[in-house]
Every structure is written in structure tokens, then in C-alpha cells.
Amino acid sequence: MRFDGISSESPLFATGADFVCTHDLEGHILSANAAACEALGMTMAELRKVSIRDLLPPDAGCAFDDYMKILLRDGAAAGMMNVETTCGRRIWEYRNTIERNEDAAPVVRGVARDVTEREAEFQDVRRSEDYFRPIIENASDIIAIIGRDGQFRYGSPSVERVLGYSRKALAAIAGIDLIHPDDAATASAFLKLQIATPAAVQTVELRARHQDGTWRSFEVVATNLVEKGHTSAVVINARDITERKLLEAQLEQANRLGGLGRLAATVAHEFNNVLMGMQPFAELMQREDVTPQIISKGAWHIANSIQRGRRIVLDILRFSQPHVPVTDAVDLGEWWESFSAEAEAVLGNMIAVQSSIPKRGLYVVADRSQLGQVIANLVANARDAMPCGGVLTVSANPLQPNARFAFGVIPHPERFVQITVRDTGCGIPPEVKDRIFEPLFTTRQSGGTGLGLAVAHQVLTQHGGYIFVESEEGRGSAFHIFLPKASSPQKGNDSDTASPRMPAAKKLLIIDDETAISDGIAALLEQDGITVEAITTGLEAAQAIKAFRPDVVLLDFGLPDLDGSEVYALIRKVDANLGVIFATGHGDRRILHDRLHDPRTRFLQKPFEVADLLAMMVDLEEVTQ
1 MRFDGISSES PLFATGADFV CTHDLEGHIL SANAAACEAL GMTMAELRKV
51 SIRDLLPPDA GCAFDDYMKI LLRDGAAAGM MNVETTCGRR IWEYRNTIER
101 NEDAAPVVRG VARDVTEREA EFQDVRRSED YFRPIIENAS DIIAIIGRDG
151 QFRYGSPSVE RVLGYSRKAL AAIAGIDLIH PDDAATASAF LKLQIATPAA
201 VQTVELRARH QDGTWRSFEV VATNLVEKGH TSAVVINARD ITERKLLEAQ
251 LEQANRLGGL GRLAATVAHE FNNVLMGMQP FAELMQREDV TPQIISKGAW
301 HIANSIQRGR RIVLDILRFS QPHVPVTDAV DLGEWWESFS AEAEAVLGNM
351 IAVQSSIPKR GLYVVADRSQ LGQVIANLVA NARDAMPCGG VLTVSANPLQ
401 PNARFAFGVI PHPERFVQIT VRDTGCGIPP EVKDRIFEPL FTTRQSGGTG
451 LGLAVAHQVL TQHGGYIFVE SEEGRGSAFH IFLPKASSPQ KGNDSDTASP
501 RMPAAKKLLI IDDETAISDG IAALLEQDGI TVEAITTGLE AAQAIKAFRP
551 DVVLLDFGLP DLDGSEVYAL IRKVDANLGV IFATGHGDRR ILHDRLHDPR
601 TRFLQKPFEV ADLLAMMVDL EEVTQ
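Under my numbering, the first residue of the sequence shown is numbered 1, with each subsequent residue one higher.
In short, the hints are calculated from the structure, not lab data. A virtual CB, placed ideally from N, CA and C, is assigned to each residue, including glycine. It is possible that some hints are incorrect.
Using 25 angstroms as the maximum straight-line C-alpha spacing, the simulated DSS-like pairs for lysine-lysine come out as follows [claimed, not checked]:
id	residue 1	residue 2
1	K507	K573
2	K573	K506
3	K506	K606
4	K546	K485
5	K507	K606
Cβ-Cβ distance ranges computed for the label pairs, FRET-style [stated by the list, open to error]:
id	residue 1	residue 2	range
6	S369	N349	24 to 32 angstroms
7	A249	G520	42 to 50 angstroms
8	A174	A34	52 to 60 angstroms
9	L30	R133	29 to 37 angstroms
10	A406	L524	45 to 53 angstroms
11	L193	E117	32 to 40 angstroms
Please take these sequences and the hints and turn them into a complete structure.
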């Protein structure tokens, strides 16, 4: 007997892994190989006593009759069959044919294979597809599959809802062609990185073109399935965040305006106090019966108020337009000797000042001016914390390699010097302490810009340093500053302590539309033998220089008719070597562009002291003579 070229007596029939059997047209089993017997859990003798019908489950119905009809009609049949075995119901995939022989009755010969597990997996996949298909098709997010070539292989129906493209149209578009030109490089790098990183999940924000030509913002999450089975692509989930971005921008704008409003209110409050500190003394000094003592006291208060206003402006400018510090090796002992008088003036008579700083030899890398601003802010805070008087202690010491602190971690402490400003005031509540370095945060009942400590933190960070606070309510506060230690002073370190000298120049031209500024400077300089001429517009500059022949020009950058650059150009046409000092209240030196690189120019930030002006005039003489 043979089956598809294989004899029932062949070793392949006996030992093959597939199930091989024969049956007659009534379904009686005539033969079966060992694999079929084992799968059914029956011997060949037992199988010869049963029919194919007996192996089918009770709910099979007319399955055998239908199977036989196909066999008799076509001579062959193939398909799936549920079979009852001693181990339970199994699914066989079969392929059977009829062999007709004139000398014998027709015989059905077949081969089958158990595909129960495969079918179970297939059904799981099908159920999964049935479950996820409506989710994908109704999702608001775009789900897409992009191949290695960047072409879309699949786009969910939401593509049309969100971007206006049909799935057919999308298939003809390269993914990169939808991306905003400014985001194209980011998108390309993102896809390359995604393909190069198996199983990676990454996120990026990109803008894509809607069919109507507008741009939509998307948050894109990509999963690399290039090496995963038949998918072999990157799966994209893109969420339209255009409205969210607009709301975020509106919120940011509202916060900016709110912050600007708070800043304007606090600055107005502070400056009103500054002005009020000068107002009564200005009135007193104009009276005919004013005494020299009142004039002296009034002048002191006015000067002190000016310094207070200057600190407020510097806080605002340094926070909004931080400058890179111009660092030097600063001797803390020498620096404190010159600064302590200012600290005592801020604190008043009710607060004692103590210091523990080596007189010489302890150097830090710092910008002298910015260091002074940081300490001045801490001193002002200490004053406000001790309204009934107290003690302010300022100390400084180098750190050891094993230095440890409860309030924070300092990496490589041996590279830093610690400066501590400690007061005996009211202390800081825990809920406030966590916020004291936030911009515009203040607890003062009488105002305050809320920028002092924020600026201190910003300045120290720019220096590569740190600031921490320790405080307990009712027991005072300590601010710990850490600045990089300087191993030795750099050249020019003693310039700040050199005795001032008067300029040889005897003529100064002031170009400023504020006559009060010109009149005040002129009144002071003329006492030192310097002749001052003042004009209020830039257009007068050339004629004034020709007529007056000044040694130095003090030029306000923000004139009403011409800006400083235009006036500077006019000056240079008349005198290419004339020293020019720019003065402005703007605070952003970037507006001067490359003018400050000219050795014949200098810069003064308003308000300035006349001593600073004289020092710059001396400095200019060295390069213009």
C-alpha cells in the first residue's frame, strides 16, 4: 500500500513526525502511523474499531459529511479539524486525497499535523487585534509606523482628523517632508538615534504641517521595533499639543506681566522711600535760616539715600541682565577694611559689628564690586532682622579637605574660603527659609524688592561658589558664602587702594539732556579747577568740541535726538584721539557694542560718584596723550 508515493510499509510512514492514516469512504480507519496513534492515545488495533466520526467532538455536527462531499467532488480536501484524543480536544491541520483503484475500493489517504498551540496563539493575536483596533482607530493621538527609509507604512485614522491627510495621501509622503524646516535636523537626528537604539523609547517635540498649510505642535514618543519580528519599523505616537503650547505661552506671558507688576510696585515703593528720605532735608537746606549742622546732616542723609537707590537699581539690573564677573585675587582682610565703614553706615548705631577675618593673606577669586553687593545685601537683611539692635559678625576662613557641614555639601572644600555673615536677629521660619533665594520673594512688612538674596545667589553661582543659610526662629541667622580660594594675588591687585590723583585735564564737555546732572557735576568739578561746558543734544556735539576744545567728553548714551553711537561718530570726525566716557542709566553695556573695545573710551553706570569720573579721566590720559 502506498500514500503520496510513500508505502505504508515504508520507514518514513512508520517514523514520520506528521500523522499519516488511511480510511474508507465510511470513515473507518484502515491504517495509521505511530505518530498518529500516539497523538490520539490509541493503539492501531483500537483505531481499526472506530470511525473518523468517533474522533470528532459531539458538537461537530455534519462536519464529516461535508468533508466527504468535498473529497468525492474534488478528489482532495484540506483544512482544520477538531479531534478528540485521550488528552483532550486538539486541532489538526489535514491534507487528504482519494486513491481510486480498479482492483480495490477507494481509499482516503491523508497527512495531518497538530496545530493546537499555533491556533491558540493566532486566536490570541486576533483577539488582541479586535481589542486594540477600535482603540487605535478612535484614538485622538496619531499612531504611525515609519520604516528605515523614513516613509510612512501605516497611519491611524486620527491622521486625517488631526492633520487633514488621508491615509492614502500620507503613504506617499516622506515623514521628514511634514516637519517644520527649523525642526527638520532635530527630527532626522531623532529618527537615526531611534533606529540605532534597539527597544529604545524616546520623546521629542516637533512641529508638523497641516494640510491647510498651518503648523501644529506635537509631543512625539517613538519606539524602536526595527528588530522585532515582522514590524521592522519605528512606531510613532504623536499627540497634538498645539493648544497646550498656546495656553502655556499665555500663562508664561501672564506670569511675566504679573512679575513685572509686582516688581514695578516694589521698586516704586522702595524709591518712594528713597525720595522721602531726601525730601525733608532738601526743603530744610533751602531755608534762609538753615544751620551748618542741618546742612551737614541733610547732605549725609541725601548721600545715604542715593546709595540705597543705587543698590536697588544694581539688584534689578544684575538679576535681569547678569554680567560675567571680572574676577581678581581679592585679599579679604584688606577688602573688609575698606568695606566695613559702608556696612556700619547701613546698620546704624544700634547694631554692633564684629569681624574675624585675617588682616592679610586670605585671598578669594572674586569681582570686588559684586562681592561688595552680595555682602551689602546680607548686611541690609541683618539690619531688618534686628530692629531693636544686636550684633553682626562677619568671619572668614579657609576650609580643610575633610570639612563637612550640616546645611549643605561643598565638593572639594579645600578649594574654597568660607565667609559667614551672622546676626542675632529674629531668625527665619522654616517655611520661609526654603524660599528666600526666590526672585521677588520678600517678607518685609515695609517692602523690599525681594531681589537681594536672589541676586546674591546668582552672583555666587557665576563665581563658581555657593551660599547657604542656617536659621532658627528667635535665635538669629547665619549666611554661609563659599568662594574659590586664590593661591596668590594677581597683578594690579593693589590698584584699588592706591591714593587717588587729580587728572591733568582741565576741560570737560558734558553731553546730557538732564541739566540737573550737568549742573551738579559742573559745580563739584569747578571747585577742583576743571572747566565744564554742558550741552543737551547730540547735534551740538561737533560745534561744541570745535569751540570748547575739551580734554574729555562725558557722553550720555540715551539722548533724545541721536543715540550714543551716532554722537560718538560725530566726535571722532572732529577729534580722532579725544577721550570719551559713556554714561547711562540703562545698565545693559551690550548697547555700546564694540565701542568699549576702543582704548579711548570708558563706561560709567549712573548714578556714579564724581570720584569715579575723575579716576576715569586720569585713566584716559594714559592712552590719549
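Outcome of range test on Cβ distance (L30, R133; 29 to 37 angstroms): Violated - the Cβ-Cβ distance for L30 and R133, about 47 angstroms, lies outside 29 to 37 angstroms.
Verdict for A406, L524 (Cβ pair) under range 45 to 53 angstroms: holds, 52 angstroms
Whether the CB-CB distance between A174 and A34 falls inside 52 to 60 angstroms: About 58 angstroms separates the Cβ atoms of A174 and A34, which means 52 to 60 angstroms holds.
Hint consistency between K546 and K485 [alpha-carbon to alpha-carbon, up to 25 angstroms]: Cα-Cα ~52 angstroms, so violated.
Proposed proximity, K573 with K507 (alpha carbon, max 25 angstroms): The hint holds at about 19 angstroms.
Whether the CB-CB distance between S369 and N349 falls inside 24 to 32 angstroms: The hint (24 to 32 angstroms, Cβ to Cβ) holds, given that S369 and N349 are roughly 27 angstroms apart.
Assessment of proposed distance window 32 to 40 angstroms (beta carbons of L193, E117): This hint holds: roughly 38 angstroms between Cβ atoms.
K507 paired with K606 [C-alpha distance capped at 25 angstroms]: holds, 21 angstroms
Distance restraint between K506 and K606, which requires alpha-carbon spacing of 25 angstroms or less: Roughly 23 angstroms between the alpha carbons, so the hint for K506 and K606 holds.
Distance restraint between K573 and K506, which requires alpha-carbon spacing of 25 angstroms or less: It holds: about 22 angstroms lies between the C-alpha atoms, which stays within 25 angstroms.
Hint check for G520 and A249 - Cβ pair distance inside 42 to 50 angstroms: Since A249 and G520 have Cβ atoms about 46 angstroms apart, the given range 42 to 50 angstroms holds.
The structure shown violates the earlier hints numbered 4 and 9.
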